[in-house]
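J.: Sequence:
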Amino acid sequence: MVNGLEIAKKLKPYVGVIILQFGSAGFGIVAKAALNKGSSNYTFSVYRNLFAAALLSPFAIVLERKVRPTMTLSIFFKIMLLSLFDPVIGQNMFYAGMKYSSATFAAALCNLIPALTFLIAWILRVEKVNLKSIRSHAKITGTLVTVGGAMIMTLISGPKIGLPWTHKSGPASTNPNDVENPVKGAIMIAIGCIGYALFYTVQAITLKSYPAGLSLTALICTLGALLGTVVTFVAEQANTSVWAIGWDTKLLAYIYGGVVSSGITYYLSGVIMKEKGPVFVTAFNPLSMVIVAIMSSFIFAEKMTLGKVLGATVIVIGLYLVIWGKSKDLKETELIEKQPAKPLTNDGSQTISGANAV
Numbered sequence: 003m004v005n006g007l008e009i010a011k012k013l014k015p016y017v018g019v020i021i022l023q024f025g026s027a028g029f030g031i032v033a034k035a036a037l038n039k040g041s042s043n044y045t046f047s048v049y050r051n052l053f054a055a056a057l058l059s060p061f062a063i064v065l066e067r068k069v070r071p072t073m074t075l076s077i078f079f080k081i082m083l084l085s086l087f088d089p090v091i092g093q094n095m096f097y098a099g100m101k102y103s104s105a106t107f108a109a110a111l112c113n114l115i116p117a118l119t120f121l122i123a124w125i126l127r128v129e130k131v132n133l134k135s136i137r138s139h140a141k142i143t144g145t146l147v148t149v150g151g152a153m154i155m156t157l158i159s160g161p162k163i164g165l166p167w168t169h170k171s172g173p174a175s176t177n178p179n180d181v182e183n184p185v186k187g188a189i190m191i192a193i194g195c196i197g198y199a200l201f202y203t204v205q206a207i208t209l210k211s212y213p214a215g216l217s218l219t220a221l222i223c224t225l226g227a228l229l230g231t232v233v234t235f236v237a238e239q240a241n242t243s244v245w246a247i248g249w250d251t252k253l254l255a256y257i258y259g260g261v262v263s264s265g266i267t268y269y270l271s272g273v274i275m276k277e278k279g280p281v282f283v284t285a286f287n288p289l290s291m292v293i294v295a296i297m298s299s300f301i302f303a304e305k306m307t308l309g310k311v312l313g314a315t316v317i318v319i320g321l322y323l324v325i326w327g328k329s330k331d332l333k334e335t336e337l338i339e340k341q342p343a344k345p346l347t348n349d350g351s352q353t354i355s356g357a358n359a360v
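Residue numbers for the sequence shown, in our numbering: 3 to 360.
No lab work stands behind these hints: they were computed from the structure. Treat the hints with care, since some could be wrong.
In the DSSO-like style, the derived pairs of lysine-lysine whose C-alpha atoms are separated by at most 27 Å in a straight line are [to be verified]:
| id | residue 1 | residue 2 |
| --- | --- | --- |
| 1 | Lys-80 | Lys-130 |
| 2 | Lys-11 | Lys-305 |
| 3 | Lys-278 | Lys-330 |
| 4 | Lys-278 | Lys-12 |
| 5 | Lys-130 | Lys-333 |
| 6 | Lys-130 | Lys-330 |
| 7 | Lys-330 | Lys-210 |
| 8 | Lys-305 | Lys-162 |
| 9 | Lys-305 | Lys-14 |
Have a look at the derived ranges for each label pair, beta carbon to beta carbon [unchecked claim]:
| id | residue 1 | residue 2 | range |
| --- | --- | --- | --- |
| 10 | Val-64 | Val-292 | 33 to 41 Å |
| 11 | Val-17 | Leu-75 | 41 to 49 Å |
| 12 | Val-185 | Val-17 | 33 to 41 Å |
| 13 | Lys-162 | Lys-68 | 57 to 65 Å |
| 14 | Glu-8 | Ile-158 | 44 to 52 Å |
| 15 | His-139 | Asp-250 | 45 to 53 Å |
| 16 | Phe-61 | Lys-333 | 50 to 58 Å |
| 17 | Phe-286 | Ala-206 | 16 to 24 Å |
| 18 | Phe-235 | Val-64 | 38 to 46 Å |
| 19 | Phe-61 | Val-236 | 41 to 49 Å |
All residues carry an ideal CB built from backbone N, CA and C; glycine is no exception.
Full structure from sequences and hints, please.
T.: Next comes the structure, spelled out in structure tokens:
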């Protein structure tokens, strides 16, 4: 019985991260379905963040009332940046790019995010890089490989890979402006991924001064919805029909995005990260891509090409090079933190031993 409980405890993070990937894949499918039905990428972002804010705010108010830091101008500025990077730039460009591509294509390009996050963190000096270190070489090489994979997916088509159930036609887009354009879609999704990468980098900095995670997320979603509303009015101008909500696929996508992608996913990933770290969660991202590819082939009769499969494979290889390098960083950090402090020397200084900086 004890062994059974121990096994169940060890399996919990793995089960949790698989649930996360199914949730992410499900959102990719419903988002594509909503966009095919004519949903505006601008209102999609606004409604998703409104539902997320409505879900998270009560929990943040109750659960973090004693640990929520005082709001300062510096913290508020960082939260505004976060609201701009993810809800406005990241989500809007991702949804816009998905209109011109497929759910599988978008899911594959999302594997660029860890590499882009490393690159941006390096540029901003948040990430330390030692060019003599093997793990630093792995992270740099992995970043270049993922970019190469994205270019292969975008520029190389190749023969179609026929599956028996993809011979029928899937549900077509009802928006006449949504003509498949892989290059245009890839550029938009890549810009969205840069927005997400900037978000993760600034989020790590912000959490040091504002560690109330639920409150931070609720504020980001609220401000993101407000900023997104302004952007929508500017972009859509007098087209008020984009705000219409009915009992259809679009409403399902808005609620799913807010509740599952921004609500449950946030909480569950936070629990898993506390036990296993962020690298563990990121390592399972390609699973979502595989799930989306399988589901899209059934639901949208989406046909895969050799170029897309090859590019996605290259992206995953690059992703795991970055993850390997990051995992070595985390292990070294843990060893340094566990290392007992050295006694003071005669001159009052403290001797410190540790591995080389990355």
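J.: Does each hint fit the structure? Answer for all of them.
T.: Here is what the structure says about each hint:
Taking the CA atoms of Lys-80 and Lys-130, the gap is about 22 Å. The hint holds against a cut of 27 Å. At roughly 40 Å between alpha-carbon atoms, Lys-11 and Lys-305 are farther apart than 27 Å, so this suggested pair is violated. Pair hint Lys-278 plus Lys-330 holds up; C-alpha atoms about 14 Å apart against a cutoff of 27 Å. Pair hint Lys-278 plus Lys-12 holds up; C-alpha atoms about 11 Å apart against a cutoff of 27 Å.
Using a Cα cut-off of 27 Å, the hinted pair Lys-130 and Lys-333 holds, with the two alpha carbons roughly 15 Å apart. Our distance criterion of 27 Å between C-alpha atoms is met by Lys-130 and Lys-330, whose separation comes to about 13 Å. Straight-line distance between C-alpha atoms of Lys-330 and Lys-210 comes to about 22 Å, which keeps the hinted pair within the 27 Å bound. Taking the CA atoms of Lys-305 and Lys-162, the gap is about 7 Å. The hint holds against a cut of 27 Å.
Taken as a hint, the Lys-305 and Lys-14 pair is broken in the structure, with Cα atoms around 35 Å apart against an allowance of 27 Å. Range check, Val-64 to Val-292: about 38 Å between beta-carbon atoms, so the 33 to 41 Å window is met. Checked against the hint of 41 to 49 Å, the C-beta distance between Val-17 and Leu-75 comes to roughly 43 Å, which is consistent with it. Separation of Val-185 from Val-17 is about 39 Å and conforms to the stated range, judged on CB atoms against 33 to 41 Å.
Evaluation of the 57 to 65 Å hint for Lys-162 and Lys-68 yields a pass: the beta carbon distance comes to about 58 Å. Checked against the hint of 44 to 52 Å, the C-beta distance between Glu-8 and Ile-158 comes to roughly 48 Å, which is consistent with it. The hint said 45 to 53 Å for the Cβ distance between His-139 and Asp-250, and at roughly 50 Å that hint holds. The given range of 50 to 58 Å is broken by Phe-61 and Lys-333, whose C-beta atoms sit roughly 33 Å from each other.
Take Phe-286 and Ala-206: their Cβ atoms lie about 20 Å apart, and the range 16 to 24 Å holds. Look at Phe-235 against Val-64: about 33 Å separates their beta carbons, and that is not inside 38 to 46 Å. Judged by the Cβ atoms, the range 41 to 49 Å given for Phe-61 and Val-236 is violated: they are separated by roughly 32 Å.
Against the hints set out earlier in the document, violations occur for numbers 2, 9, 16, 18, 19.
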